[in-house]
Amino acid sequence: MADVRAAGRDAMRSLAASLGDRANEMAAAGQVADVPALWEDAIAGLRDEESRALITLAYAWYQALHGEVEHGVRLAVGLRDCPLSSVRGQIRVLVRNRVRVEPDLVGQTWFALTETDLPSWASLSDRDIDAVGEWLTAASWEDSRAIYDADVSGIRSQDIDDALAEIALGDPRFRAPVAVHRAVLVLGVDVGYRCLSDARETARVAGEVVAAGDWSALRACGTIELTVHGLGFLGGVHGVAAELMAGGGGRDLAISPLMSERIAVVARDAEPWERAQAASDLAAVGDGSLVALLAAIPDSPER
604 MADVRAAGRD AMRSLAASLG DRANEMAAAG QVADVPALWE DAIAGLRDEE SRALITLAYA
664 WYQALHGEVE HGVRLAVGLR DCPLSSVRGQ IRVLVRNRVR VEPDLVGQTW FALTETDLPS
724 WASLSDRDID AVGEWLTAAS WEDSRAIYDA DVSGIRSQDI DDALAEIALG DPRFRAPVAV
784 HRAVLVLGVD VGYRCLSDAR ETARVAGEVV AAGDWSALRA CGTIELTVHG LGFLGGVHGV
844 AAELMAGGGG RDLAISPLMS ERIAVVARDA EPWERAQAAS DLAAVGDGSL VALLAAIPDS
904 PER
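Sequential numbering of the sequence shown, starting at 604, is according to the working numbering.
The set of hints was computed from the structure by calculation and includes no laboratory data.
By construction, the Cβ of each residue, glycine as well, lies at the ideal position given by its N, Cα and C atoms.
One should not assume that every hint holds.
What follows is a list of derived Cβ distance ranges for each label pair [as the list claims (entries may be wrong)]:
no., residue 1, residue 2, range
1, A715, R865, 48 to 58 angstroms
2, S756, D729, 15 to 25 angstroms
3, A620, A814, 51 to 61 angstroms
4, D793, P860, 13 to 23 angstroms
5, A779, S756, 15 to 25 angstroms
6, A715, G648, 25 to 35 angstroms
7, D684, E864, 30 to 40 angstroms
8, E864, D651, 32 to 42 angstroms
9, W744, A636, 54 to 64 angstroms
Based on the sequences and whatever the hints tell you, model everything.
Next comes the structure, spelled out in structure tokens:
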């Protein structure tokens, strides 16, 4: 599900603010017991799931910050699988905010509802999130590498991954940069940064990882080729091959006639070296599930 459009978000912010103000007035008048009904009636009156999720999130924050921490966390946990990425991102912030104040209560509440311990993102520090954010938004690859070496290299890999995931949840515009930075980490920082700077180097590394049967690394090469270097054909071929071989849709991900036709069309606009590299890499994989993919490349050995 896509996030709510701007007009809808603005309307929900306005509603949340008015509910918060009214709840504060009721609390000041000694009507604290009636506050939940105020929020719950408003949520019940909303027609769509997205709006209900946004106001439930606001309700969770209200309760968590006004002395009803357990209830606020319970509401938050109920939204952990919400289709709205922005809501899932805010749930992380809320839980982490309360963990720092009442860790035992939050941990017990989470476990009571999920039968699992708190996720690793619950212990992220603001400093680490900020460092990863600066790394993600560096002005150049040279600056990016400098920030990584100075501020990110010492962060636990799990925390880097959690921070990247949270940044992507908070703003969909960061999903592509997050995928690229994850690709760098998969390849190893030295190799990854060489690939960011040179399309031919990325293709060369892709050939090496094909020979090694490292499909996660091949997927990473495809991401960099497609997103950084604009190699739609070669990056797409490497990405599809990686998915086929890794089993993420895996051997069951058939190369349909329509997909083959689209690959052939994109291939015609690709540089000759891209087509040659793709054909060479697919042949090197040597797996029967890729025959149709190889055959879709103009001038490939299978045509």
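Outcome of the hint check:
no.	hint	in the structure
1	A715 / R865: 48 to 58 angstroms	49 angstroms, holds
2	S756 / D729: 15 to 25 angstroms	19 angstroms, holds
3	A620 / A814: 51 to 61 angstroms	59 angstroms, holds
4	D793 / P860: 13 to 23 angstroms	41 angstroms, violated
5	A779 / S756: 15 to 25 angstroms	23 angstroms, holds
6	A715 / G648: 25 to 35 angstroms	29 angstroms, holds
7	D684 / E864: 30 to 40 angstroms	37 angstroms, holds
8	E864 / D651: 32 to 42 angstroms	38 angstroms, holds
9	W744 / A636: 54 to 64 angstroms	58 angstroms, holds
Checked against the numbered hints given earlier, the structure breaks only hint 4 and satisfies all the rest.
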